[in-house]
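Going line by line, the protein sequences match chains S and Y.
Numbering (my numbering) for the first sequence: 1 to 557.
Numbering (my numbering) for the second sequence: 1 to 463.
Don't read these hints as lab results, they were simulated from the structure.
Here the structure is a predicted model, which means the values were calculated and not measured.
Glycine residues also receive a C-beta, built at the ideal position from the N, C-alpha and C atoms.
One or more hints might be untrue.
[As the list claims (entries may be wrong)] With a Cα cut of at most 30 Å, we get these calculated DSSO-like pairs of lysine-lysine:
{"hint": "1", "chain 1": "Y", "residue 1": "Lys-322", "chain 2": "S", "residue 2": "Lys-87"}
{"hint": "2", "chain 1": "S", "residue 1": "Lys-50", "chain 2": "Y", "residue 2": "Lys-200"}
{"hint": "3", "chain 1": "S", "residue 1": "Lys-121", "chain 2": "Y", "residue 2": "Lys-207"}
{"hint": "4", "chain 1": "S", "residue 1": "Lys-382", "chain 2": "S", "residue 2": "Lys-487"}
{"hint": "5", "chain 1": "Y", "residue 1": "Lys-322", "chain 2": "S", "residue 2": "Lys-74"}
[Said to hold, decoys possible] If you anchor each label on the Cβ, the simulated ranges turn out as follows:
{"hint": "6", "chain 1": "S", "residue 1": "Leu-90", "chain 2": "Y", "residue 2": "Gln-47", "range": "31 to 39 Å"}
{"hint": "7", "chain 1": "Y", "residue 1": "Gly-268", "chain 2": "S", "residue 2": "Ser-108", "range": "43 to 51 Å"}
{"hint": "8", "chain 1": "S", "residue 1": "Gly-383", "chain 2": "Y", "residue 2": "His-379", "range": "49 to 57 Å"}
{"hint": "9", "chain 1": "S", "residue 1": "Leu-90", "chain 2": "Y", "residue 2": "Asn-166", "range": "46 to 54 Å"}
{"hint": "10", "chain 1": "S", "residue 1": "Ile-141", "chain 2": "Y", "residue 2": "His-379", "range": "28 to 36 Å"}
{"hint": "11", "chain 1": "Y", "residue 1": "His-379", "chain 2": "S", "residue 2": "Gln-95", "range": "27 to 35 Å"}
Single-letter residue listing:
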Amino acid sequence: METIRIKVDGREIEVPRYMPNWEGKLVPTTMLQACQLAGVEIPHYCYHPKLPVAGNCRMCLVEYGTPVIGPDKKPVLDGNGKPIIQKSVLPYEPQTPRGAIACATPISPGMEIYPSSPATKQMREAVLEFLLLNHPLDCPICDQAGECQLQEYSLEHGQAASRFVETKVHKPKQIELGPRIIFDAERCILCSRCIRFTQSIARDDALGIMNRGSFNTITVYPGKKFDNNYTLNTVDICPVGALTSKDFRFQMRVWFLKESPSICASCGTGCNILVGSRQNRIFRFVPRQNDAVNSCWMCDTGRLNYKWVGRPDRLARLRAPNSSTTPPSWRDVLDELAGRLSQIPAGATAIIASARQTNEELFLLRKLADKLQAITESVERKGEPDFLLVSADRNPNSVGARLTGICGIPMGGKLPRIADGIRSGAIQALLVFGEDPTRHGINAELLGQLKLLVASDILPNATTNMAHYLLPGCAHLEKRGSFVNVKGRWQKFMPAVTPPGDARPEWEFLNELVGKITGQPPATDFEALFKQMSEAVPEFRGLTWDELGETGVNVNF
Amino acid sequence: MAMPTEYRMILKNVDKPGYTPDIACYLKHGGYATLQKALRLQPATGQDGKQLDGPEQLRREVMVSGLRGRGGAGFPCGLKWSFVDHRAGKNIYLICNADESEPGTFKDKQIIYKDPHQLLEGIIIAAYANGVKLAFIYIRGEFVQGAAILNRAIKEAREHGFLGNNILGTNYSLDIIVHRGAGAYICGEETGLIESLEGKRPYPRIKPPYFPAVLGLYGCPTIVNNVETLCAVKHIIEMGGTKYAQLGTTNNTGTRIVSISGHVRRPGYYEIEVGKVTLGELIFDPNFGGGLSNGLPLKAVIPGGTSSKIFRAGEKFKITRKNLDGTVTVQEYDLLDLPYDFDTMAAAGSMSGSGAIIVLDESANMVEVAANIAEFYAHESCGQCTPCREGSLWLAKALRRLEAGRTRPDDADYLLSIARNIQGRTICAFGEACAWPIMSIVTKFKDEFTPRPQSQPVHAKSV
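Work the whole structure out from these sequences, hints included.
What follows is the structure in structure tokens.
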């Protein structure tokens, strides 16, 4: 790799000559990237590593210098053998330093960047002063407060008092740009991130700027609505409180939110997310950067698909036909269930598991099926894919279901065989996890013929209503586990909230149940279970839970 | 000493009685002969022994002529052309910048309205010289009639075989498209102009990487030249670069049209040899401004459009000149003795800009002047980058307050620091354009920006 030696605040550092731009294309390294490598943060508003560079906010202006080059095209050296540095100055006023925008200025050999110099600090201070002139300073009622770059940089680089004695510009407030986005033009600093995202990433020309100068205002194209499936990303990238999510605004101060790394389960893409929750209630999803999966983005559909987690009709009570205790306890129910299952002749059990379940749960169900010689299957979910993130596969873990041996291709192909088996009496017991077979060719009448129907789910359906044993489970936001996305990215997630009532993570009770039925000791903890699975499934290569990392690993399948 | 006079070359015909903008009249006056000559140039050997084709010879002539851009920045035209990458295999575009909008400037308008074919001839020659197959004239929206005149002229030129396919029987083809702006000063900035021509908001582009010669219109190498510059190209090819370079003065060659306005008896446009006429002559000589109109003493001169720094009457300047032999001479000048050229105006701390000289007599209230200028730039700031967007309006609001008599003791410093935080920190030169006039006016007329006895105290307004 070709490198360049430069100095950042007097410290010499060697950096790559080329680095990826927003599209991942290798282009000359910028001052901002080089400073980042040197561990020096250059404040910026309009620059975003995944968007085309605009260079408009001027917050990243830095003072710099370059070596004086002699006629031999080599740096001219001073008496001590050090290259003479010519600081960049205004051509018409050589006593005044001239800053360069670090986001768009490529570095050159021997360049010296001065991110901490008085001149650089003065430039930042001036830009912040300009940005705050017409800003309403309504932090106490602004949703962005606490995660606002204007607040943060003001504290770090700004002035305490304003010199502005003129009247402020007033602009439209509480403008509904689209069904999910509210815009406050007075808070806007016109960095154009939202426009560039919408144009370059979401491929929508909905947003633009109207008017001129200080009266500039972001607007939606006349007659259009800002209503693509990625609008809420603009709220994330808006450095200030100008764009707010209708869903989240005024709901919770961001500093109260607990952030748990997780995965969106709305389709097979598995966008990485942070779940914002407080007091066991989920308030929002925001995308978590993973360049192998979702970059910094997620779709609006996935982002808003969390409200069911707290639904009042969540399955929260264990149900068993002849429980000795009232209410039933997990230990008794699992004992009883293990006994019942052991009485079913080999090969007379079927398991319908969901491709919304974790690899660990599916692995345990596979073990159970092996012991009972049960037929296993899952249920396919399909939808319209899009050009960016939404996958046609609406199950989050179809690949995991195949790798763990729960289903084959096509997914759901064995469902008619299960129906036939129940009809003929060859199948006497059915275990259903997270699905409703009555919607997939196994109707209530057939279910009624079973000797044993066990259901585990989160929300009630026709099958859970009929089940002899109901084992309340967890949303993936309430447990640990891993999914493999449609492209083979194996990713883990952590619990954000706790499940209601009796509900328990499926892996926990399956681990116990499988132990009881197989007679083998259950895994001692989740990590041990994970290791068992990764050693049993060849594609998982024996990796440990830790080795999966924050952003997952690729598996070949 | 001989009376300074105009040197009418580009404006040679425009105001002649009976001279009309149609092609017949232009042809009668020798029009398009230079184009014929340019298109028929045979390959020749240059002084350095290099084999040069016709277009290369034309580019050399322009380089030799020393022609500097007449739009405002005064950048050497031949050098600008030399940046164009002819090997990229992309289309090369030529854009004639006819977005004349610097306050005080009204020279390009004369050419467009009165002698459009001269401009077309210049464009066609420049296009041929640079391998351009499609040229644009970006004309300011307010020049409604000018656009109609140009379109008529283009139609005539096409009918006469000067435009279109196989011009004058050669295998060179060119078309010119006239594009009207929508009335924004910033469209005169070349990269803003290009954005506008592409159908976008005229936000000037960041440089690097968007130097027009490399990444211009539609991502292709693009030359943007001012109307007067392109007309000068026609004359350079007609007389030869060396002969053109003998007009004017060293490094400030040829002629240029100055627009004189303000408190003078004879406001108007005058073509002079660059550097051969002084500021004082331009203001007072009967051949030019003819003296002040109100009989009041001179107070100030804006030498190159409102974006240039103001001169105060009676100012003296030490001008350092680099001579051709490398020696340096320092000479002291009175304001009115300054030769009007690019380098002298720059050395005196301002610029000749678009050649617009605005003369102010003692009746001018400098706070009003500054407020008027600031208001213009606040209105015209595109608002793309922070310092200019916020600073231009801040200046205007503050100056309006001063105009209303609510001056505070430290307002001069307040204004200066705002302007200093704009200049040099913006994407395009508009930052300087809005900062410089205010900085210079406040500095040079500081007493007018301090409270007078009747001033009202200012209280910060609640929002």
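Hints and how they fare:
no. : hint                              : result
1   : Y:Lys-322 / S:Lys-87              : holds, 24 Å
2   : S:Lys-50 / Y:Lys-200              : holds, 22 Å
3   : S:Lys-121 / Y:Lys-207             : holds, 23 Å
4   : S:Lys-382 / S:Lys-487             : holds, 16 Å
5   : Y:Lys-322 / S:Lys-74              : holds, 27 Å
6   : S:Leu-90 / Y:Gln-47: 31 to 39 Å   : holds, 38 Å
7   : Y:Gly-268 / S:Ser-108: 43 to 51 Å : holds, 49 Å
8   : S:Gly-383 / Y:His-379: 49 to 57 Å : holds, 51 Å
9   : S:Leu-90 / Y:Asn-166: 46 to 54 Å  : holds, 50 Å
10  : S:Ile-141 / Y:His-379: 28 to 36 Å : holds, 32 Å
11  : Y:His-379 / S:Gln-95: 27 to 35 Å  : holds, 32 Å
Figure legend: structure checked against the earlier numbered hints; every hint is met.
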